[in-house]
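Sequences listed follow chains A and B, in order.
Quick note: our numbering has the first sequence finishing at residue 112, numbered continuously throughout.
Quick note: our numbering has the second sequence finishing at residue 114, numbered continuously throughout.
Careful, some of the hints might be misleading.
Under the rule of at most 27 Å between Cα atoms (straight-line distance), these lysine-lysine pairs were calculated in the DSS-like manner [said to hold, decoys possible]: (1) B:K71 with A:K94; (2) A:K57 with A:K69; (3) A:K57 with A:K94; (4) B:K57 with B:K17; (5) A:K99 with B:K65; (6) B:K71 with B:K57; (7) B:K17 with B:K65; (8) B:K57 with A:K99; (9) A:K99 with B:K69; (10) A:K42 with B:K71; (11) A:K59 with A:K111; (12) A:K94 with B:K57; (13) B:K57 with B:K18; (14) A:K57 with A:K99; (15) A:K111 with A:K42; (16) A:K78 with A:K111; (17) A:K94 with B:K65; (18) A:K99 with B:K71; (19) A:K42 with B:K57; (20) A:K42 with A:K57; (21) A:K42 with A:K69; (22) B:K69 with B:K57; (23) A:K58 with A:K78; (24) A:K42 with A:K99; (25) A:K42 with B:K65; (26) A:K94 with A:K69; (27) A:K69 with A:K59; (28) A:K58 with A:K99; (29) A:K69 with A:K111.
To be clear, the hints were calculated from the coordinates, so they are not data collected in a lab.
These are the residues of each chain, in order.
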Amino acid sequence: ILNVEQSPQSLHVQEGDSTNFTCSFPSSNFYALHWYRWETAKSPEALFVMTLNGDEKKKGQISATLNTKEGYSYLYIKGSQPEDSATYLCAHIKAAGNKLTFGGGTRVLVKP
Amino acid sequence: EAQVTQNPRYLITVTGKKLTVTCSQNMNHEYMSWYRQDPGLGLRQIYYSMNVEVTDKGDVPEGYKVSRKEKRNFPLILESPSPNQTSLYFCASSFRWTTQGEQYFGPGTRLTVT
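Bound-form chain B, shown alone (with noise of 0.2 Å):
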């Protein structure tokens, strides 16, 4: 089944414990991101990728890390995790690197830094 998955679903953390969430994709896709959910806000994009070892800042990179070392996985690093990075997660591939084409989105993960 052609998916998205992301690891953790839900993680209750502290402030400054160092954490990662995995993004894994199946499509073969070139283009990966990172996006937070905030109230009112909307979606947020943190980081991207338009294929291995090529990331870009989005439009919220402060905090956050990435990598793309294999072209399936796009891991998101939190090196010191702080309240104001609770949040809902989601990571997203799409075939395309130019962005026309439709991003699929894993499953979320909720995070809440205390």
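If we strip away everything but chain A, and leave its shape as in the complex, we get (with noise of 0.2 Å):
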């Protein structure tokens, strides 16, 4: 049992449309999250590394936020585009520790 938990497992969002998912990991015990996008065929690539609570991060159209009380972190896209679809993955770390967790990842596709 995954104990960083992502949702949803996947969606479908129109061109052009937004949308956003859930990465959730225990608020007990933080030290930073990562997220990560990782297109069919391909390796993850590194999307933001996040550390303090109320985080945000933008690149691009894409953005997170960062709730380390509640342990729950969003991945929005704004304007979504046929190249965004992929997974995205977050991967969670243990105070003082350097074990990464990963999620189960949000698979996105995004129609033409």
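Dock chain one against chain two, each of which comes alone in its own frame, and use the hints as you go.
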């Protein structure tokens, strides 16, 4: 059982629409949260590293927020494009730890 | 070009035949790690290394060995592979050993054990 949960597992988005999805992690033990983008037949690529409660990060039309007190992070895609189709992974690092625990991912399919 | 390389990319082998998957990075990163990816189970960490001669178990270390004799290399060794080790394997590296740094992933190695 993954203690880092991502929801939904998959979603279909119409081109131009915005969407968001969630990564939940244990709030009692937090050091950092990573977001990765994983396209089919490629390797995961880092989007964000988040460490502080209230962090907001942005890269192009993709942004993320972090709430360490309640144990969740949101990833937002504004104005989705077909090239945003990918699986988005989050990874949690426990306090003072060196291990990463990944969630199962949210698979996003943007339809033209 | 800054990159993480893995070899081989594809491997089909038989139960019990020892194999090594190599991983090398040219970014002078301290932190290196191995993951396996299985459907429905996400990416799971096998072993990681914070620096030369410093390695530790991840969440699924059974059946695997690693070594870190040089900063750039972090090979994954399967002494006696079994069919349940059939998986997609990724090596990754990070500049900061504290893991606050983002991970750079290799291209993956698809292993089939028959």
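Evaluation of the provided hints:
Between B:K71 and A:K94, the direct Cα distance comes to roughly 25 Å. Compliance with the 27 Å bound is thereby established for this hinted pair. Restraint check: the Cα-Cα separation between A:K57 and A:K69 comes to about 18 Å, which is no more than 27 Å; the hinted pair holds. Between the alpha carbons of A:K57 and A:K94 the distance comes to roughly 20 Å, so the proposed pair stays at or under 27 Å and holds. A distance of roughly 23 Å separates the Cα atoms of B:K57 and B:K17; the hinted pair therefore holds under the 27 Å criterion.
Distance hint between A:K99 and B:K65 is fulfilled; the C-alpha atoms sit about 17 Å from each other, no more than 27 Å. Under the criterion of a C-alpha separation no larger than 27 Å, the hint pairing B:K71 with B:K57 is consistent with the structure, at around 18 Å. Of the pairs offered as hints, the one joining B:K17 and B:K65 holds, with about 14 Å between alpha carbons and a cut-off of 27 Å not exceeded. The suggested pairing of B:K57 with A:K99 holds, with an alpha-carbon distance near 9 Å, which does not exceed 27 Å.
Using a Cα cut-off of 27 Å, the hinted pair A:K99 and B:K69 holds, with the two alpha carbons roughly 20 Å apart. Between A:K42 and B:K71 the alpha-carbon distance is near 25 Å, which keeps this suggested pair within the 27 Å criterion. Restraint check for A:K59 and A:K111: satisfied, since their Cα atoms lie roughly 22 Å apart, inside the 27 Å limit. At most 27 Å may separate the alpha-carbon atoms for a hinted pair to count; A:K94 and B:K57 meet this at roughly 15 Å.
Using a Cα cut-off of 27 Å, the hinted pair B:K57 and B:K18 holds, with the two alpha carbons roughly 20 Å apart. For the proposed pair A:K57 and A:K99, the alpha carbon gap of about 23 Å is at most 27 Å, so the pair holds. Taking the CA atoms of A:K111 and A:K42, the gap is about 20 Å. The hint holds against a cut of 27 Å. Restraint check for A:K78 and A:K111: the C-alpha separation of about 14 Å stays at or below 27 Å, so the hint holds.
For the given pair, A:K94 sits about 24 Å from B:K65 by alpha-carbon distance, which is consistent with the 27 Å threshold. With a C-alpha separation of about 19 Å, the suggested pair A:K99 and B:K71 falls inside the 27 Å cut-off, and the hint holds. A distance of roughly 26 Å separates the Cα atoms of A:K42 and B:K57; the hinted pair therefore holds under the 27 Å criterion. Under the criterion of a C-alpha separation no larger than 27 Å, the hint pairing A:K42 with A:K57 is consistent with the structure, at around 24 Å.
About 34 Å separates the Cα atoms of A:K42 and A:K69, which puts this hinted pair outside 27 Å; it is violated. A hinted pair counts as satisfied when its Cα atoms are at most 27 Å apart, and B:K69 with B:K57 qualifies at roughly 17 Å. Only pairs whose Cα atoms come within 27 Å are accepted, and A:K58 paired with A:K78 is accepted, the gap being roughly 11 Å. For the suggested pair A:K42 and A:K99, the alpha carbons sit about 23 Å apart, so the restraint of at most 27 Å is met.
With a CA separation close to 26 Å, the supplied pair A:K42 and B:K65 stays within the 27 Å bound. Our distance criterion of 27 Å between C-alpha atoms is met by A:K94 and A:K69, whose separation comes to about 14 Å. Of the pairs offered as hints, the one joining A:K69 and A:K59 holds, with about 24 Å between alpha carbons and a cut-off of 27 Å not exceeded. At most 27 Å may separate the alpha-carbon atoms for a hinted pair to count; A:K58 and A:K99 meet this at roughly 25 Å.
Between A:K69 and A:K111 the alpha-carbon distance is near 35 Å, which puts this suggested pair outside the 27 Å criterion.
Hint check: violations occur at hints 21 and 29; the rest are consistent with the structure.
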